[in-house]
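Fit chain Z to the given chain E structure using the hints.
Heads up: the sequence lines are chains E and Z, in that order. Just so we're aligned, residue 31 is where the first sequence starts under my numbering, counting upward by one. Just so we're aligned, residue 16 is where the second sequence starts under my numbering, counting upward by one.
Because the hints were derived from the structure by calculation, they are not lab data. Just so it is clear, the structure is predicted and the values come from calculations on it, not from any experiment. Positions of the beta carbon are idealized from the N, C-alpha and C atoms, including for glycine. It is possible that part of the hints are untrue.
Claimed, not checked - In silico DSSO-like pairs for lysine-lysine, Cα to Cα no more than 30 angstroms straight-line:
| id | chain 1 | residue 1 | chain 2 | residue 2 |
| --- | --- | --- | --- | --- |
| 1 | E | K199 | E | K162 |
| 2 | Z | K35 | E | K115 |
| 3 | Z | K67 | E | K156 |
| 4 | Z | K67 | Z | K149 |
| 5 | E | K162 | E | K248 |
| 6 | Z | K35 | E | K162 |
Unchecked claim - Over 10 angstroms on every C-beta distance to chain Z, these chain E residues come out as not near it, computed from the model:
| id | residue |
| --- | --- |
| 7 | R38 |
| 8 | N79 |
| 9 | V88 |
| 10 | E108 |
| 11 | L112 |
| 12 | S116 |
| 13 | G127 |
| 14 | R139 |
| 15 | L144 |
| 16 | P192 |
| 17 | F198 |
| 18 | K199 |
| 19 | Q203 |
| 20 | R234 |
| 21 | R274 |
| 22 | G297 |
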Amino acid sequence: MLTVTDLRKEFATVVAVDGVSFEAGTGEVFGLLGPNGAGKTTTIRMILNILAPDSGSVTYDGKPFSQEVRNRVGYLPEERGLYRKSRLIDTIMYFAGLRGMKRSEARARALRWLGRLSLEEYRDRKVEELSKGNQQKVQFICAIIHDPSIVILDEPFSGLDPVNQILFKDIFQELRSAGKTVVFSTHQMDQAERLSDALCLINRGRVVLGGTLREVKKRYGANALRAEFSGDGSFMRNLPGVRRALLYGNAAELQLDEGARVQELIGAINAGVEISRLELVEPSLQSIFLQAVGVPAEGDAA
Amino acid sequence: MMSKVFSVARWEYVEKLRSKAFLIGLFLTPLLMIGMGVVPTLLITQADTRTKVIGLVDPSGLVAAPLAETMQNRYRLDNGAPNYIIRPLAVGPEESTDSATVEGDRLSASGEIDGYCILGATPEADTSVEYRSKSVGDFQLLEHLRQGLRSVLSDRKGVILGLDTAVIRALNVSVQMKQVKLTRSGEKEDSGFLQVFFSAYVFLFMLFLLIVTSGQLLVRSILEEKSNRIVEVLVSSCSATELMAGKVLGLSALGFTQIGFWSLIGAAATLAFGVTLVTPAVAALLVIYFVLGYLFYAAVFIGAGSPLTTEQEAQQVTSYLVMLLVLPIALAFPAMQNPDATWLKVLSFIPFLTPTMMALRIPIQMPSPWEILATILLMVASICLAMIAAGRIFRIAILSTGKSPKLAEIVRWAKEG
Numbered sequence: 031m032l033t034v035t036d037l038r039k040e041f042a043t044v045v046a047v048d049g050v051s052f053e054a055g056t057g058e059v060f061g062l063l064g065p066n067g068a069g070k071t072t073t074i075r076m077i078l079n080i081l082a083p084d085s086g087s088v089t090y091d092g093k094p095f096s097q098e099v100r101n102r103v104g105y106l107p108e109e110r111g112l113y114r115k116s117r118l119i120d121t122i123m124y125f126a127g128l129r130g131m132k133r134s135e136a137r138a139r140a141l142r143w144l145g146r147l148s149l150e151e152y153r154d155r156k157v158e159e160l161s162k163g164n165q166q167k168v169q170f171i172c173a174i175i176h177d178p179s180i181v182i183l184d185e186p187f188s189g190l191d192p193v194n195q196i197l198f199k200d201i202f203q204e205l206r207s208a209g210k211t212v213v214f215s216t217h218q219m220d221q222a223e224r225l226s227d228a229l230c231l232i233n234r235g236r237v238v239l240g241g242t243l244r245e246v247k248k249r250y251g252a253n254a255l256r257a258e259f260s261g262d263g264s265f266m267r268n269l270p271g272v273r274r275a276l277l278y279g280n281a282a283e284l285q286l287d288e289g290a291r292v293q294e295l296i297g298a299i300n301a302g303v304e305i306s307r308l309e310l311v312e313p314s315l316q317s318i319f320l321q322a323v324g325v326p327a328e329g330d331a332a
Numbered sequence: 016m017m018s019k020v021f022s023v024a025r026w027e028y029v030e031k032l033r034s035k036a037f038l039i040g041l042f043l044t045p046l047l048m049i050g051m052g053v054v055p056t057l058l059i060t061q062a063d064t065r066t067k068v069i070g071l072v073d074p075s076g077l078v079a080a081p082l083a084e085t086m087q088n089r090y091r092l093d094n095g096a097p098n099y100i101i102r103p104l105a106v107g108p109e110e111s112t113d114s115a116t117v118e119g120d121r122l123s124a125s126g127e128i129d130g131y132c133i134l135g136a137t138p139e140a141d142t143s144v145e146y147r148s149k150s151v152g153d154f155q156l157l158e159h160l161r162q163g164l165r166s167v168l169s170d171r172k173g174v175i176l177g178l179d180t181a182v183i184r185a186l187n188v189s190v191q192m193k194q195v196k197l198t199r200s201g202e203k204e205d206s207g208f209l210q211v212f213f214s215a216y217v218f219l220f221m222l223f224l225l226i227v228t229s230g231q232l233l234v235r236s237i238l239e240e241k242s243n244r245i246v247e248v249l250v251s252s253c254s255a256t257e258l259m260a261g262k263v264l265g266l267s268a269l270g271f272t273q274i275g276f277w278s279l280i281g282a283a284a285t286l287a288f289g290v291t292l293v294t295p296a297v298a299a300l301l302v303i304y305f306v307l308g309y310l311f312y313a314a315v316f317i318g319a320g321s322p323l324t325t326e327q328e329a330q331q332v333t334s335y336l337v338m339l340l341v342l343p344i345a346l347a348f349p350a351m352q353n354p355d356a357t358w359l360k361v362l363s364f365i366p367f368l369t370p371t372m373m374a375l376r377i378p379i380q381m382p383s384p385w386e387i388l389a390t391i392l393l394m395v396a397s398i399c400l401a402m403i404a405a406g407r408i409f410r411i412a413i414l415s416t417g418k419s420p421k422l423a424e425i426v427r428w429a430k431e432g
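In isolation and in its complexed conformation, chain E is listed as follows (with noise of 0.2 angstroms):
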């Protein structure tokens, strides 16, 4: 478990990171979000000890940062870079090394890893031979090659190409059921509400919204009705439980109150205009994510 409390950074000019506390659970995926220069990296770099923070504090199960921790930690950094002179197995038994692994473990797991991964035929060649997929992809064994129990990802999905992207997410949960505790850093909201079991959503520096990907729905999107339909359907706006309605031509959708009721609404519209589709829609991610920095909806202005 990693917990962080309070985190603060200055630099010469910005507040980087504001107050950010979270706490990621053992076994549990936990997706960093926040669009570009949010304030993600510079977290990360705090909680692996790279940076030191200003004020807060970071433990990991209770215990502050220690070269036990240390060793327990995996690290995949946001930019990809790896030695492009040298070997591939020997870069990753290098890392496993100074991870405090034995060089004949290390080896051991290090040729699993490349069948795995099928790299096994490149695992003598330089790193620079390689296409840039497969060097994310030595660079991601890189980083558990340690068996680490916390795994930290800084954007581990940028630049990947659809297949690969499916690789790693089944890794994740491999590594989800192992008990580990896996942090991702995304910009991306979708993949963030397809991979996280709890998250933490930071803007300018702040936590915006934070907890289960269950409760973060719960807390912040009212439900929604999408119609489509034929008929005028501008009395839509003023029917009971609808706090904001966009309105298209032959499409609506409602955003309803907390105690709308749902059944009284659908009878409401059926009765005015000529239904093609309806549904009750969850809010999305990123439509939370836009509503809780106060960015109007898309589709408002219109």
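Using the frame of chain E, we list chain Z on its own:
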């Protein structure tokens, strides 16, 4: 703790050992040494392979014939042909040499003659002789010509004084110099100028190349780690101090590999050709200064290299350090002429120059024991200080991104830590 230092050290050692730059340095350096030390020596002392023609402006008309004979008898090429031919240049009326020098200049320029000599009207009294040539650096030709003129002119003087030619020849003693170098304690050591020169140069150059090669490798690897952010993974795996210690250790191992390899070549050369460059005592001292210099510059390269962000900056900084290292090479000649000079001693106490200055001085003339002791202590202290400062800079610099920091900022890091 130590296991991580060793992990880093092993990585730095093995990966750099495999790098092309290192392998080239390893094999090319001894070749360069041989090229620089042996080839010019061979060229200087090499015998001529063709007959040289020397013009002679001789207003008295008394020297040309005997000189031609003397030169022809004395100096021969390997194939038996004469080494020199004396070609008199016609002198105008009233012993004017003007037309002769015009002619001499023309012939020299066209390459018909190698050069020409201008004698006075009374050659036995006026012994200052002018030699004109396109190449005035031919020591061997000048020496031979001087010897030849000397014996012709002393014969001539003897005739004027009414002495018998046989007597003059008997008086004319030829002296051959053989140089013997004395050590501090006054023991004699059989080594010629060329040998001293050669060995001083060899060691200086070895030390220079050793430091520059590994310094560049070090800076380049730090730059690579910074630019692709590997350093973040490294620093989350081990502390910056462990990382730097590992780098220094790995690099030192690399340096020793290089020295060891070169020593083997040296030992093999000694056995094969029977040439002894240095005595064991000198060799031991040199190794000490090599190690000290190597460690000191490792710290300097880390301190100066880790704040950089681009390859161009790295090259610039490296070239400044190279200049510092090259300086003693430029001083090799004056140091050999006057090994007791005060400026040599003063320069030996500047830590950036100490190892190279001592490597230069030791083969020429062993510095006094107090100087050796004092410089070693100075270097040990300098290494400690440089390592601490480099560590402080390294810790901050490897994680800084964007533009390279200003010098004042780096100095502040080094001071405050």
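Hint check:
1. Restraint check for E/K199 and E/K162: satisfied, since their Cα atoms lie roughly 19 angstroms apart, inside the 30 angstroms limit.
2. With a CA separation close to 10 angstroms, the supplied pair Z/K35 and E/K115 stays within the 30 angstroms bound.
3. For a cut-off of 30 angstroms, the pair hint linking Z/K67 to E/K156 is broken: about 60 angstroms separates their Cα positions.
4. Of the supplied pair hints, the one linking Z/K67 and Z/K149 holds, its CA atoms being roughly 13 angstroms apart against a limit of 30 angstroms.
5. Distance hint between E/K162 and E/K248 is unfulfilled; the C-alpha atoms sit about 40 angstroms from each other, more than 30 angstroms.
6. Of the supplied pair hints, the one linking Z/K35 and E/K162 holds, its CA atoms being roughly 24 angstroms apart against a limit of 30 angstroms.
7. With 10 angstroms as the threshold on Cβ separation, the claim that E/R38 sits away from chain Z holds: the shortest Cβ distance comes to roughly 18 angstroms.
8. A cut-off of 10 angstroms between C-beta atoms contradicts the statement that E/N79 is not in contact with chain Z; the least separation is 7 angstroms.
9. Once the 10 angstroms rule is applied to beta carbons, E/V88 is consistent with being away from chain Z; the minimum gap is 12 angstroms.
10. Listed as outside the interface, E/E108 is inconsistent with that label: its C-beta sits roughly 8 angstroms from the nearest C-beta of chain Z, within the 10 angstroms cut-off.
11. At roughly 7 angstroms, the least C-beta separation between E/L112 and chain Z is not larger than 10 angstroms, which violates its mark as non-interface.
12. The Cβ of E/S116 sits about 6 angstroms from the closest Cβ of chain Z, inside the 10 angstroms cut-off, so the non-interface label is violated.
13. With a closest Cβ-Cβ approach of about 4 angstroms to chain Z, E/G127 is found to fall inside the 10 angstroms limit, against its non-interface label.
14. Once the 10 angstroms rule is applied to beta carbons, E/R139 is consistent with being away from chain Z; the minimum gap is 16 angstroms.
15. At the 10 angstroms boundary, the C-beta of E/L144 stays outside the reach of chain Z, the nearest C-beta of that chain being 18 angstroms off.
16. Listed as a non-interface residue, E/P192 keeps its Cβ farther than 10 angstroms from every Cβ of chain Z; the least gap is roughly 25 angstroms.
17. A cut-off of 10 angstroms between C-beta atoms confirms that E/F198 is not in contact with chain Z; the least separation is 18 angstroms.
18. At roughly 22 angstroms from the closest C-beta of chain Z, the C-beta of E/K199 stays outside 10 angstroms, upholding its exclusion from the interface.
19. Every CB of chain Z is more than 10 angstroms from the CB of E/Q203 (nearest about 24 angstroms), matching its label as outside the interface.
20. With a minimum CB-CB distance of about 20 angstroms to chain Z, E/R234 clears the 10 angstroms threshold, and the non-interface call stands.
21. Remark: the non-interface label on E/R274 is consistent with the geometry, its nearest Cβ contact in chain Z lying 43 angstroms away (cut-off 10 angstroms).
22. No beta-carbon of chain Z is positioned within 10 angstroms of the beta-carbon of E/G297; the least distance is around 59 angstroms.
Hints 3, 5, 8, 10, 11, 12, 13, counting from the list given before, are not met by this structure.
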